[in-house]
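Enquirer: Residue numbers (this note's numbering), protein chains in the order written: chain A, 2 to 374; chain B, 2 to 374.
Since the hints were made in silico from the structure, they are not lab data.
There could be a bad hint or two in this list.
One copy or two, it doesn't matter: identical chains are merged, so the pair holds either way.
Below, simulated DSSO-like cross-link-like pairs (lysine-lysine); rule was C-alpha separation at most 30 angstroms, straight line [unchecked claim]: (1) 3 with 330; (2) 148 with 131; (3) 330 with 75; (4) 337 with 35.
2 protein chains.
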Amino acid sequence: MKIAVLGGGQLGRMLALAAHPLGLGVRCLDPSSKAPAGAVAELVVGAFDDEVALGRLAEGCERATYELENLPIKAGEIMASRMPLHPSLQALTVGQERVAEKSFFRAHGIAVPDFVSVDAREELESGVAKLGCPAVLKTRRFGYDGKGQFVLHSPSDVDEAWVRLGGWPLILEKFVPFSRELSVLAVRSAEGEIRRWPLVENHHVGGILIASIAPAPKLDATLEAQAAVAVTRLMEALSYVGVLALETFQVGDTLVANEMAPRVHNSGHWTIEGAETSQFENHLRAVAGLPLGSTAAHGPVAMVNLIGTPPPTEAVLAIPGARLHLYGKEPRLGRKIGHVTVLAQSAAELGDRLERLARVVPVPDAAVASAHG
Amino acid sequence: MKIAVLGGGQLGRMLALAAHPLGLGVRCLDPSSKAPAGAVAELVVGAFDDEVALGRLAEGCERATYELENLPIKAGEIMASRMPLHPSLQALTVGQERVAEKSFFRAHGIAVPDFVSVDAREELESGVAKLGCPAVLKTRRFGYDGKGQFVLHSPSDVDEAWVRLGGWPLILEKFVPFSRELSVLAVRSAEGEIRRWPLVENHHVGGILIASIAPAPKLDATLEAQAAVAVTRLMEALSYVGVLALETFQVGDTLVANEMAPRVHNSGHWTIEGAETSQFENHLRAVAGLPLGSTAAHGPVAMVNLIGTPPPTEAVLAIPGARLHLYGKEPRLGRKIGHVTVLAQSAAELGDRLERLARVVPVPDAAVASAHG
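Can you build the whole structure from these sequences, using the hints too?
Expert: Spelled out as structure tokens, the structure:
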């Protein structure tokens, strides 16, 4: 079976690497001829709204999926008219727009920060008055890695916020005093079976995910239960098939949903070596209608993104338990060009190994401290 | 760094799948345009003695290796004249010829079955008289998967043995009353560091490897120590860089060497999910001059070859801990077209899972029984 993938970035590349052993073919569509997936999968070069390119992507494929959510809905519709598209068009639509997304969460009993929709300066002013400060103003669409966001610390920040973001469809969210960011990673099969990996603790710097630790240290059953309920509700409401990532804030003992990604996710890269079945393999199994594999973790694992410049390969590989993943991308400021997974038998060992990694690759201190348990 | 690989079969394919995340390129040379590696690596189609094809293979590569040992030595020489070739030409030469191989083992204090070289019928007769029966007559070169072998149960079998194999350079080996077959899998870095995976128990049917269990059940320290000494001596004597597999017979508490493969090996496929670092990744790390990764096993693992016909994918993937590896080869009688790895937390669980696999894919009873521990 051949699977059509909208997008050919590192996620498409890792999907393709997982597809070959399963006997599944992958063909990706990407605007760039240098797309990372091209080295390991068929690549159609074209824009996502180019119907001829979409036709070439579809030819001979039996299932379609996507590895990025900032796609023209039309591209999803065209693929869905020719073959089953997973996750569903509804998941893609909801995941693209922050007001729709948070309204959807709320409608399904999932806690979200208070928010208001902002399309005019007056709405921003009334929103700030209503929600109080700090509050976060975000574009409703196309935000990623912290782009298109502005934090208002006081009502006097309205001027600057409006200068920066005014004119776009916006959302103003009450700032949540969270203790940490956790992501919920789950997969649902075509038959409705849901499996969930352990909760993942994420460390962002400047809005970009830098490190993940899995299973998230200091978990209690309450958090895992809330995660289970939230993804089950979302996946069932969306007739979801494939991997879903739900980014949340931990506030006290409560998970507050921030956003969802209807696709394999950076906070799930640790599953390649760190779980019995990776997010990439389980996404493909789900999309292809195959039984899901176990989502159990092998032990404590950390994942560190490589941003911008190539890592010192030898120094990284000399660290016990370290596994390197390069995406075949040209180095560029702020660009995710790879990641390192660090495996260990215990939290203490993971902490030590992550400390060693931190000497050769930037790792937030908080992530190292947290890995120590 | 790009690595040239002589051969583009499933071993080349799995090397390439391991190479991409490390940021290493792979280009394979294979006589077939349908070679399995072609889906995931650059493929040069040509004969191994075609100097133009070897030139195209070499272009832009910095290291060379091979994924099969039945190669013209000339091909190895041509590659070695242009870049470092790992494992060494000597390893390739020794591994190709059974008399040279067993003499080399013996010269380095590694136990082998008694043997004589046979080039004429009289030598076969005198050999049978000297070694006694049962004895195994084998071609000295190009044997694999039990091909080119004949067991003599009594001196009266000389006629049939000679009709079948006479005319080839042969070796007659005393039959060893072994309790099981174990393979030693190790890797040596360019700096001389040696790491060894746990011993693997192999189950052959008709000369073809069908199942491996790792770590081999019922191991004692004596066997592991003998394995360590044997590969250390071999690798050091051959200035070896890369993965080496040494197939042995367990006779009482002694390992008796049968043959070596100077390359990644079928009995090491379990390492992809079952060990901290796979044989493919560690071979590449060694060849590329990078530090080696840990060879520790995650737990009890079984590997079952898929021979001839495609497996029932859904039934295989429905087994907990089962991971499928298809090679993209056309089904054909007796052909290895893929393998299944089964992971478990305990021997009992591995046995149960292997039993379940045995209902949908042929697995020798002895392997299932042994997995139970």
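Enquirer: If a hint holds in the structure, say so; if it doesn't, say that too.
Expert: Comparing the hints with the structure gives:
no.: 1; hint: 3 with 330; verdict: both (25 angstroms within a copy, 16 angstroms between copies)
no.: 2; hint: 148 with 131; verdict: within (25 angstroms within a copy, 81 angstroms between copies)
no.: 3; hint: 330 with 75; verdict: within (28 angstroms within a copy, 37 angstroms between copies)
no.: 4; hint: 337 with 35; verdict: within (15 angstroms within a copy, 34 angstroms between copies)
Comparing the model with each numbered hint stated earlier shows that all of them hold.
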